[in-house]
Amino acid sequence: MTVIPKETLIGRRIPKLDAPAKTTGETRYINDLALPGMLHGKILRTDRVHARIVRIDTSAARALPGVHAVITAADTPGVPLGHGRDNPPLKGDRVRTIRDEIAAVAADTEAIAAEALRLIRVEYEDLPAVFSVHEALRPGAPVLHDRHPDNIPFTFDYSHGDLAAGEQASDVVIEDTFKLHYVTHCCMGVSGVIATFDTTGQLTIYSQTQIPFLYKRDIAPVIGVPPDRIRVIQPPLGGGFGSKLDIYPFEPICVFLARVTQRPVRILFTREEEFIASPTRQPVEFTLRSGVKKDGTLMFRDARTLHDNGGYTSWGATTPFVMMQTISSLYRVPHCRYHTTVVYTNNPYAGSFRGYGNLQATFAVESHMDRLAEAVGMDPLALRLKNAQAPGETTPQGMHFITCGLRDCLQTAAERSDFVKKHATNRAGQTGPIRRGIGIASLVHVGGGANIYRTDGCGTILKLDDFAQATVLTGASEIGQGSETVIAQFVAEELGLPLTSIQVVNNDTEITPWDVGVHASRTTFIAGNSALRAARKARTKLLAAAGQQLGADPATLDLRGGHVVDATSGEARLEIGKLIRSLHFAGKHEVVMTTEYYEPPSVMQDREFKGNVSATYAFGTQAIELEVDTETGVVRIQKVTAAHDVGRVINRLGIEGQIEGGVVMGIGYATTEDLMVSEGRVLNPCFRDYKLVTAPEVPEIDTTFLETLDPHGPAGAKGVGEAPAIPTAVAIANALYNATGVRFRELPFTPEKVLRRLREAAEGKP
Amino acid sequence: MSITKAISFTLNGQATRIEVPVDMDALTMIRDVLKLTGTKLGCGEGECGACTILVDGTAVNSCLMFAVDCDGRELTTIEGLATPAGRSVLQRAFVEHGAVQCGFCTPGLVMQGTYLLRQNPGLTVADIRRGIEGNLCRCTGYQKVIEAIAAAVHEIEKGDRA
Ligand code: FES
Ligand code: FES
Numbered sequence: 061m062t063v064i065p066k067e068t069l070i071g072r073r074i075p076k077l078d079a080p081a082k083t084t085g086e087t088r089y090i091n092d093l094a095l096p097g098m099l100h101g102k103i104l105r106t107d108r109v110h111a112r113i114v115r116i117d118t119s120a121a122r123a124l125p126g127v128h129a130v131i132t133a134a135d136t137p138g139v140p141l142g143h144g145r146d147n148p149p150l151k152g153d154r155v156r157t158i159r160d161e162i163a164a165v166a167a168d169t170e171a172i173a174a175e176a177l178r179l180i181r182v183e184y185e186d187l188p189a190v191f192s193v194h195e196a197l198r199p200g201a202p203v204l205h206d207r208h209p210d211n212i213p214f215t216f217d218y219s220h221g222d223l224a225a226g227e228q229a230s231d232v233v234i235e236d237t238f239k240l241h242y243v244t245h246c247c248m249g250v251s252g253v254i255a256t257f258d259t260t261g262q263l264t265i266y267s268q269t270q271i272p273f274l275y276k277r278d279i280a281p282v283i284g285v286p287p288d289r290i291r292v293i294q295p296p297l298g299g300g301f302g303s304k305l306d307i308y309p310f311e312p313i314c315v316f317l318a319r320v321t322q323r324p325v326r327i328l329f330t331r332e333e334e335f336i337a338s339p340t341r342q343p344v345e346f347t348l349r350s351g352v353k354k355d356g357t358l359m360f361r362d363a364r365t366l367h368d369n370g371g372y373t374s375w376g377a378t379t380p381f382v383m384m385q386t387i388s389s390l391y392r393v394p395h396c397r398y399h400t401t402v403v404y405t406n407n408p409y410a411g412s413f414r415g416y417g418n419l420q421a422t423f424a425v426e427s428h429m430d431r432l433a434e435a436v437g438m439d440p441l442a443l444r445l446k447n448a449q450a451p452g453e454t455t456p457q458g459m460h461f462i463t464c465g466l467r468d469c470l471q472t473a474a475e476r477s478d479f480v481k482k483h484a485t486n487r488a489g490q491t492g493p494i495r496r497g498i499g500i501a502s503l504v505h506v507g508g509g510a511n512i513y514r515t516d517g518c519g520t521i522l523k524l525d526d527f528a529q530a531t532v533l534t535g536a537s538e539i540g541q542g543s544e545t546v547i548a549q550f551v552a553e554e555l556g557l558p559l560t561s562i563q564v565v566n567n568d569t570e571i572t573p574w575d576v577g578v579h580a581s582r583t584t585f586i587a588g589n590s591a592l593r594a595a596r597k598a599r600t601k602l603l604a605a606a607g608q609q610l611g612a613d614p615a616t617l618d619l620r621g622g623h624v625v626d627a628t629s630g631e632a633r634l635e636i637g638k639l640i641r642s643l644h645f646a647g648k649h650e651v652v653m654t655t656e657y658y659e660p661p662s663v664m665q666d667r668e669f670k671g672n673v674s675a676t677y678a679f680g681t682q683a684i685e686l687e688v689d690t691e692t693g694v695v696r697i698q699k700v701t702a703a704h705d706v707g708r709v710i711n712r713l714g715i716e717g718q719i720e721g722g723v724v725m726g727i728g729y730a731t732t733e734d735l736m737v738s739e740g741r742v743l744n745p746c747f748r749d750y751k752l753v754t755a756p757e758v759p760e761i762d763t764t765f766l767e768t769l770d771p772h773g774p775a776g777a778k779g780v781g782e783a784p785a786i787p788t789a790v791a792i793a794n795a796l797y798n799a800t801g802v803r804f805r806e807l808p809f810t811p812e813k814v815l816r817r818l819r820e821a822a823e824g825k826p
Numbered sequence: 011m012s013i014t015k016a017i018s019f020t021l022n023g024q025a026t027r028i029e030v031p032v033d034m035d036a037l038t039m040i041r042d043v044l045k046l047t048g049t050k051l052g053c054g055e056g057e058c059g060a061c062t063i064l065v066d067g068t069a070v071n072s073c074l075m076f077a078v079d080c081d082g083r084e085l086t087t088i089e090g091l092a093t094p095a096g097r098s099v100l101q102r103a104f105v106e107h108g109a110v111q112c113g114f115c116t117p118g119l120v121m122q123g124t125y126l127l128r129q130n131p132g133l134t135v136a137d138i139r140r141g142i143e144g145n146l147c148r149c150t151g152y153q154k155v156i157e158a159i160a161a162a163v164h165e166i167e168k169g170d171r172a
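Residue numbers (my numbering), protein chains in the order written: chain A, 61 to 826; chain B, 11 to 172.
Bear in mind the hints are in silico, worked out from the structure with no lab data behind them.
A quick note: this is a predicted structure, and the numbers were derived from the prediction, not measured.
Note that CB positions come from ideal geometry on N, CA and C, so glycine has one too.
It is possible that some hints are incorrect.
[Stated by the list, open to error] Computed spacing ranges between beta-carbons, pair by pair:
hint, chain 1, residue 1, chain 2, residue 2, range
1, B, Thr93, A, Ala450, 54 to 60 Å
2, A, Asp186, B, Glu143, 42 to 48 Å
3, A, Glu687, B, Ala160, 22 to 28 Å
4, B, Gly169, A, Lys66, 33 to 39 Å
5, A, Pro826, B, Pro131, 54 to 60 Å
6, A, Thr692, B, Leu74, 26 to 32 Å
7, B, Gly56, A, Arg198, 40 to 46 Å
8, A, Asp222, B, Gly56, 56 to 62 Å
9, A, Glu739, B, Thr93, 54 to 60 Å
[What the hints assert, rightly or not] According to the in silico footprint, chain A covers these stretches of chain B (three or more CB under 8 Å from chain A):
hint, stretch
10, 63 to 69
11, 136 to 147
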């Protein structure tokens, strides 16, 4: 008798299924794909920040041998795209930012296309431009879009409690303005797209999108192709991080070129173009006023933020959705108000970026928790613990924390880093140019999707072939984060099959069922639940059939190691493949195929932004130790102690990678990365001048996972893709204060800026 | 049309003859002419390491090298690391240790790592960190990449070849 013991894949270190091909160069990204007859597209971007287009002369470009098409706005429907529907793919009458697309070329080679761009003559009439939100709000300021004569496309307001009463009841009130800068995604694979029509007019787009199904809906009116005639195929992505959540002009432009040439066309950015013409993280001026009682009880919070929207509206404008959650609900606060004004300027525009406004909001909130603690003479950990949310709470914004590991995260990060002692010792006074500091900060973020589309669901189709190979068709895209592997784990676990028997298909809208998209840290939770439930249905069917054949109660059977086994003894009774074959070839002649559409138990927020927008929430705390050289301004991060409430670890290898990558991205945001924008122009569009963190600068990262076993999570898991990047920058700001006694309110902490701030403080500016 | 030149070199062990424009870079030759797309273009300016290959055993940013300068040399790209016996020690270590997320930087890092291991099989963690300084990765935070290369050092000490 063969006995198969019960084993679990959950929580193990599982190498990513797509990793082997990525180490051999076999993986073909969009950058590596070429279709037969494919032409190369390039886009002419303006060099003016704000101007009227008087005339575009493309005749010389058209005459260049090897050029197949030159298009301008006049050749397109002119339907604007983007979240604000204010951004025509090609601009016909006016340009508002230096990235603006005004013409495009399809040619035999990239070099010919580039040469053709140089031959296009554009005549402009410059318009007065505006580069700061304050200027743009002044009466008489240049207007960017006639629809918004005040330059304000959106405002956001949220409140609960009674602010005046909260202020009255406070013993200490503080106010600060924080300035959060431009950074950009820097996906290592640049942006690209391939579009091709077949003879029947069916359009296939090879796209890097993170939202393949909404993409079809959104791009259809812009290109004048009905959504049911569009197929979206997603080759592996060279990085996403939120940058591919909206449609950007290059994609419809590629479709236009494919249509006029009747050939496949590929557009690939250069790295310089990537820096200039892809979205940024939302820059924000964040004014926060907070009050606390002497005993450390938080009484109120009043946040006002100004968003530089740039020339057009993409997702960056909507980051207040997430910002206000941290303001209202990371700590208990009885009285709260939040207001955002989004303002058009002639600067670059922001999209969504891992954390979605939460890095900025957490920067303000966690800077204030430190300042309030000092004002009432508590240590920063004690003040946070006093006000931290606990499991079971529903916050005034309506967020329901069924599980909440915040206090455990705080305590774990503090204990493992010896925070309280080090914090007090550092503060007691240091001499010499090198100062040591430790800082702490926490976060809350959606961990079970974000219900912003009436549905936040994901579909799965699961089929088993007659050799017990499972194919999982999921709507959820793999963007490098490892969702494919996690989905395979869930299915393998339920069906008692080895991981090698699971194929995940996730990259073609013609094959896969609907999903909202990869955003809001939702894939493990939503797509995971969907796959898990589809697998459970298949499992039920297999066990019922096995029970019948074996004359056993299905409840006494289990699936393990490719076999139906006796659940108690583990004795192997029947091979799963054989069972499936018997279903095909005998009896009712049936296949084992199941479907699932998982809809999480969350709701869309009401007009006041209240409601339980996510099925669960992720929490975490990071304690960061650093050294700062007060003579050079150089900040060296030495150790990050991270404690994250992840619900349950599914793939330990994958989740460690998410935390480490997120922390290092947070360190980059705080210390090295700075997209310098001056008068609307990007001054440093290359890696030499835009510094990503490199390997020698990576500190020791000590990660602890707190498993709160969320009742709605798949096997108890929460989504954590964004969480680790969120509190890092402000933990560093708090550590800088601990080291120097100087509060840093403006990112980034590059040596020049640190020195400038230290000098300023020495001259008396608090 | 630009002037072209006939060159010959060994590519992943195979003798190769090719005529290339004199102003073409080696990366374009490898990717667009020879159709080996495993080597990646991340910046084209020598700043990211995605295009790293071995030229006569030395790690080089192929985007900065002229194709004609490959004449008479021995080139190894990511496609040339695996043998019929399977993926190299380092390639396997990258998989096992979670060093791959989106994977776009991976071929460059594997080539750089291979170079470092061949130069000095007794590499320390500090050597590894410094050795991969020129390779940017946006996803992993480098920690798992460092662990993977360190693990390969260990395997090689046990007798496997880099
Ligand atoms: S592509 Fe060669 S270094 Fe970036
Ligand atoms: S794995 Fe994505 S850039 Fe390194």
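Now the hints, each set against the structure:
1. Thr93/B <-> Ala450/A: 54 to 60 Å: Once the Cβ atoms are compared, 57 Å apart, the range 54 to 60 Å for Ala450/A and Thr93/B holds.
2. Asp186/A <-> Glu143/B: 42 to 48 Å: The hinted range 42 to 48 Å holds for Asp186/A and Glu143/B, with Cβ atoms some 43 Å apart.
3. Glu687/A <-> Ala160/B: 22 to 28 Å: Since Glu687/A and Ala160/B have Cβ atoms about 25 Å apart, the given range 22 to 28 Å holds.
4. Gly169/B <-> Lys66/A: 33 to 39 Å: About 37 Å separates the Cβ atoms of Gly169/B and Lys66/A, which means 33 to 39 Å holds.
5. Pro826/A <-> Pro131/B: 54 to 60 Å: holds (55 Å)
6. Thr692/A <-> Leu74/B: 26 to 32 Å: holds (31 Å)
7. Gly56/B <-> Arg198/A: 40 to 46 Å: At roughly 45 Å between Cβ atoms, Arg198/A and Gly56/B fall inside 40 to 46 Å, so the hint holds.
8. Asp222/A <-> Gly56/B: 56 to 62 Å: The hint (56 to 62 Å, Cβ to Cβ) holds, given that Asp222/A and Gly56/B are roughly 60 Å apart.
9. Glu739/A <-> Thr93/B: 54 to 60 Å: holds (56 Å)
10. 63 to 69: violated (count 0)
11. 136 to 147: It holds, with 9 qualifying residues against the three required.
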